[in-house]
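Q: Protein chains in written order, with the working numbering: chain A, 1 to 114; chain B, 115 to 709.
Hints were generated in silico from the structure; no laboratory data involved.
Do not take every clue at face value.
In silico SDA-like cross-links for lysine to any residue, where the CA-CA straight-line distance does not exceed 20 Å [claimed, not checked]: (1) LYS700/B <-> LYS622/B; (2) LYS344/B <-> ILE323/B; (3) LYS269/B <-> VAL50/A; (4) LYS344/B <-> ASP43/A; (5) LYS270/B <-> GLU46/A; (6) LYS344/B <-> ARG47/A; (7) LYS372/B <-> PRO667/B; (8) LYS212/B <-> PRO61/A; (9) LYS649/B <-> PHE85/A; (10) LYS212/B <-> ASP43/A; (11) LYS212/B <-> LEU48/A; (12) LYS269/B <-> ASP396/B; (13) LYS504/B <-> ARG60/A; (14) LYS212/B <-> ARG60/A.
Heads up, incomplete: computed chain B residues facing chain A, CB under 7 Å, no partners named [what the hints assert, rightly or not]: (15) LYS212; (16) PRO298; (17) ASN299; (18) ALA356; (19) LEU448; (20) TYR460; (21) HIS542; (22) GLY610; (23) PRO688; (24) LEU689; (25) LEU690; (26) ARG693; (27) PRO694.
Now the stretches of chain A that chain B is said to cover, found in silico as 3 or more residues with beta-carbon under 8 Å [unchecked claim]: (28) 42-53; (29) 72-83.
Quick caveat: nothing in here was measured; it's all calculated off a predicted structure.
Ideal placement from N, C-alpha and C gives every residue a C-beta, glycine not left out.
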Amino acid sequence: MRSLFIILSAVAVIGLAFWAYRENYQTQEAQSQAEQLQRDIGDARERLRVLNAEWAYLNRPQRLRDLADINFDKLGLVSLRAEQFGKIDQVAYPREKPLPITNSIDVINMEQYP
Amino acid sequence: MIRTPLRPLARILDARAKGENPDAIERENIRLRHEDIRDRARKRAEGRLLVIGVMFFGAFAVIGGRMGVLANTEPMEPRTSIAGAEIVAQRADIVDRKGRILATNFETYSVYAQPPQMVDPEGAADALVKIFPDLKRERLIKDFTGKRKFLWIKKKLSPEQKQAVHDIGEPGLLFGPREMRLYPNGKLAAHVLGGASFGREGVHAAEVIGVAGIEKFYDERLRDPAMGHKPLQLSLDLSIQAAVERVLFGGMKIMNAKGAAAVLMDVNTGEVISIASLPDFDPNDRPRPPTEGNPTDSPLFNRAVQGVYELGSIFKIFAAAQAIDLGLVNANTLINTSGPMRIGGYPIGEFKKKDYGTISVSDIIVKSSNRGTGRMALQIGAERQQEFLKSLGFFEHPSLEIVEAKGGKPLWPKRWTELSTVTISYGHGISISPLHLAAGYAAIANGGTRVQPTLLKQPRNQKGPRVMSKETARVAKDMLREVVTSGTASLGEVPGYAVAGKTGTADKPRENGGGYYDDKVIATFATIFPAYDPKYVLIVTLDEPVETSGSEPRRTAGWTAVPVAAEIIRRVAPLLGLRPEIEPAKLNSITLTSN
Numbered sequence: 001m002r003s004l005f006i007i008l009s010a011v012a013v014i015g016l017a018f019w020a021y022r023e024n025y026q027t028q029e030a031q032s033q034a035e036q037l038q039r040d041i042g043d044a045r046e047r048l049r050v051l052n053a054e055w056a057y058l059n060r061p062q063r064l065r066d067l068a069d070i071n072f073d074k075l076g077l078v079s080l081r082a083e084q085f086g087k088i089d090q091v092a093y094p095r096e097k098p099l100p101i102t103n104s105i106d107v108i109n110m111e112q113y114p
Numbered sequence: 115m116i117r118t119p120l121r122p123l124a125r126i127l128d129a130r131a132k133g134e135n136p137d138a139i140e141r142e143n144i145r146l147r148h149e150d151i152r153d154r155a156r157k158r159a160e161g162r163l164l165v166i167g168v169m170f171f172g173a174f175a176v177i178g179g180r181m182g183v184l185a186n187t188e189p190m191e192p193r194t195s196i197a198g199a200e201i202v203a204q205r206a207d208i209v210d211r212k213g214r215i216l217a218t219n220f221e222t223y224s225v226y227a228q229p230p231q232m233v234d235p236e237g238a239a240d241a242l243v244k245i246f247p248d249l250k251r252e253r254l255i256k257d258f259t260g261k262r263k264f265l266w267i268k269k270k271l272s273p274e275q276k277q278a279v280h281d282i283g284e285p286g287l288l289f290g291p292r293e294m295r296l297y298p299n300g301k302l303a304a305h306v307l308g309g310a311s312f313g314r315e316g317v318h319a320a321e322v323i324g325v326a327g328i329e330k331f332y333d334e335r336l337r338d339p340a341m342g343h344k345p346l347q348l349s350l351d352l353s354i355q356a357a358v359e360r361v362l363f364g365g366m367k368i369m370n371a372k373g374a375a376a377v378l379m380d381v382n383t384g385e386v387i388s389i390a391s392l393p394d395f396d397p398n399d400r401p402r403p404p405t406e407g408n409p410t411d412s413p414l415f416n417r418a419v420q421g422v423y424e425l426g427s428i429f430k431i432f433a434a435a436q437a438i439d440l441g442l443v444n445a446n447t448l449i450n451t452s453g454p455m456r457i458g459g460y461p462i463g464e465f466k467k468k469d470y471g472t473i474s475v476s477d478i479i480v481k482s483s484n485r486g487t488g489r490m491a492l493q494i495g496a497e498r499q500q501e502f503l504k505s506l507g508f509f510e511h512p513s514l515e516i517v518e519a520k521g522g523k524p525l526w527p528k529r530w531t532e533l534s535t536v537t538i539s540y541g542h543g544i545s546i547s548p549l550h551l552a553a554g555y556a557a558i559a560n561g562g563t564r565v566q567p568t569l570l571k572q573p574r575n576q577k578g579p580r581v582m583s584k585e586t587a588r589v590a591k592d593m594l595r596e597v598v599t600s601g602t603a604s605l606g607e608v609p610g611y612a613v614a615g616k617t618g619t620a621d622k623p624r625e626n627g628g629g630y631y632d633d634k635v636i637a638t639f640a641t642i643f644p645a646y647d648p649k650y651v652l653i654v655t656l657d658e659p660v661e662t663s664g665s666e667p668r669r670t671a672g673w674t675a676v677p678v679a680a681e682i683i684r685r686v687a688p689l690l691g692l693r694p695e696i697e698p699a700k701l702n703s704i705t706l707t708s709n
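So here's chain B without its partners, still in its complex pose (with noise of 0.2 Å):
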């Protein structure tokens, strides 16, 4: 660009020469150059401007179309993250203590039909009735020749049984994969597991419910695809539940019962080690619930936890330990056992009209006295007595993780009479489940604080409330041992597990009301082992047994439920890594001499 000087010469001697100022050129020139650059700066900015309006308006439209794009796409899930492999299973394992496998999911196949694809369809009928006898034929045609388009023929398959449906090469029968639950220890803790089902079916998958026991109380948990690779952990042992359950099963036939329950609970954590209840199912395959007859006779009632029963002279131990605690009484205090004994108009006796005299309150517990019982339930009285059951929880339904532990809600008396004082302190009038009184057992067990129940396995020791005192827990312990060592439980001593205990038995009300049977019985032994520091509680419930190898039946804990307690004790304690010991002797007391 060629710069207007500001004086041209040529102008500037003209102007001279016409007598004009020369300034007023230069002036003139100025104004000119600075409008020059005052127009090429305005471009400039209306250009930089341009450009800065087509860079926003460009990222608006990337960013606008974008998001456009988003919103109209079908939703993907993203191609890779490491989180993708982790959730295979619909619902997550079941596993014991120890991680061995107690539920699990299986793939496997159904089998559907679709009618209106049939090539043949009585051929195909014919061919599914061989290979599931179960099928009916007639039923099966009326099906594919009708007006149905689709069916389901079976819902699970074997491997075998699929190869067998796709080798009649009918197109109108098809395959769809689907999980099931299996439970690959068939009966083992079937109460506790419960059993699973199917939810909405679809073709390509169906949703695995729980039904029953465990499935269903945390089926939300079990089906949460966040949690679905972390298995839930219980607190039940594999082998142990299995040793239970054989021996439970054998003492149930030995001893002609028609059932029977145990539960064995650490008094500690409140883990519940092995529960179990027979007769039992296998969970794989749980039978529907009956329509007719007695409910709690069928194999998918838990005696455990759904039954509640008068568990009789178990609940002496109580009365005594709530008197001791209360300073009424201690353990050598005499007590009057004589009769009679009228309260409310009703006599109480003993079993077999016996009469056991003065005694003192830990000979009440070995002879298991009713009408010493019943004395220190007076002193107690009914207030004190109920506020003592209930911190004990026998008033509530148990808090165990199985939906089944709504249906065990203890009975007992709206009228809390003198009678019923009384009758509640040597166990009838109120009944309660097994598992209730496990936890019973286990306050005294662990020093005389209250434990839950529970399934889960547990990291720590609960810290319960306080019901008894850390003393009253200790005697009503040395009570126990004594039951065992020199009374009703005789046959429950096992070499070095020092078992202490509490028998319990009961005549079963009958159903329509009016009294008791007088052949029937439910049969407890309640233990806690080892004495000198006791970590598990064991209670056996024998339903209607009776042990005939003596000259006349005995229907008494003492002969039934006892000796499979024992044995079970026996078969388990080992297992439980108890190593048998000598029992600590008991120290002398100290006796004031003078001399």
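Only chain A is shown next, with the shape it has when bound in the complex (with noise of 0.2 Å):
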């Protein structure tokens, strides 16, 4: 009795050190794993810095006037102005539907319009 007690033990102990080592060597995989994506974000947050930056130098309101003063031929941008302000009644309505045709008649002449 006793010595099975003992000999239970020991392999109770023999199997915690082995989970604690794997444990240990997989905290630390994490851990570089984690470290790694930390660094990743870093990277990523530099270059969305540097997107951010690229993405306000093109949009300088300077390049922007100079860009529409070029493509003026084409799209015509001019800057905001009070009348371009519209009220809610001055939008049309949808125009209705036709009708649907229900009583449809045949007709001799079918010829094809060009």
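If you follow the hints, you should be able to join the two separate chains into one complex; please do so.
A: Following this line, the structure appears as structure tokens:
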């Protein structure tokens, strides 16, 4: 009985040691993975900053104005004017659909339109 | 263990045979047994004490050892944390009210040289001069072959330049990463942003510090790592700022002015939507302050904040508003504006020596009568006038969040004589900045409470102290509207936006003292719009404008600053989301009739 208990506890100790060993390495693995992810996030953020800066640079008002001037023939963009404010009652109602033809009649003249 | 019997039969019989008391044997045995038990108990207790002692020793040894280890190891960042990834930049971004970037950081490289490691100093110098034409070859060779162990060559490199330097293949030329401040919009809002430069510089990094404007004012906040990821949001609007600067620049050129300033402010929140000063500069490449000439002509000079000028007739509305607030007059009170009027020996005249006769207070503002305003000011008195101007914030530097605001200290006479009272009532003898004026007009526009101009986006309206009654503010506003509909600012009418405002043309004082220039003026137009429900105040100031389309040069604000301001409103009001509306007609006053 007693020796069985000793054997069992020894087995348990070995098992736990193995488990702790594995957990330790898994934790280290997860940590280095997390570190890598942090680095990736940092890099992505840095890239995002650069892209944001480039976006802001490409959208600077001076450039947009020049582009609007260059492409005036095609786009005809002018700055916003007071007249461009509309009222809701200036918007037309959608045109009503034509009534469905229920009593169609055959006609002799079936020549095709060009 | 074999228990010893207390009464062993052999010894009892033996004792009985000898005639001894057998009980003595039992007692003796009980005593021995008890001693035995006691000894065993003591042994056990001692053993337990030892185990506990060992455990405590072990625990303290572990804690002590751990403390020792912690005290002796190098500090290390925690390997896993959520906050770690947030902070990547040294300095927070600056964005406009809609989140568009005004200032951000950029990763770049610096190039430095370590001459002792150089293989071919002369060849390197030649190649460097080819890449950077602004470097001097002789100077580089002197540095490379001399005793220097380290020198900076360029602090910021573009990727192409970096590759070119890399291609030289010189081991003594090294790169260091660093962050630089980038203002992607170039000159836009240059005076607000100011600029940044490098503080302490190392090979691996360099401190970016603000040198002017809001960058310097909020330097601590922008560099605080705890706030590193939170951009500083300003009240400025990028597109409106661009439109204002553009129109103002055009206006400055057409009116042949040497400088111009504009302030557009929300009258309720005090948010500065746009503030411009021309000429301006590029904060990416901030020029050095001039060492000669007039510093106020430098592009670094912020006319809207630092430029304190005598702004002229713009002030008349304050005198009128105060007189009405005190109950001395109302809008229809008739005042004699005829001359001659001499105060302290000085004659007070009108523009072009006109004589308006006896007119109402409202007409004094509309026609811009100096004598009429002066007479109202005399009724108010010097002390109350000072108090009123003080309550509008005209005696202290503006509270704007840029370092230059401290330079906008108003000038006023130390001895406030009767003459000062009269001249100040029409804007001469006191110098304030356009930003002060914007705050003053905002008080009229928002119904009589003071607002502090601010560059930060505000979540709600300011609740400043009341400087005039609501009714006074309304009357003053109506007078200002009349100036545009039938007065000196008739060119300021913008269809749909009911502009109200007042012009001011002030002769510039000579730099060396002694009177005023005849042909140099500061023309200002202060407006509030829309007049029926004021939301914004716009101040436009032109420095030395002259309009030459007529037969003789015209310098008054009505011909110079007003059309520029009107064009700004025309461009900016739709951008502000203001829908053009037909001005609500004034209700006819009720007339008592009897039959």
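Q: Looking back at the hints listed earlier, which ones does the structure fail to meet?
A: 1, 10, 13, 15, 19, 20, 21 and 25
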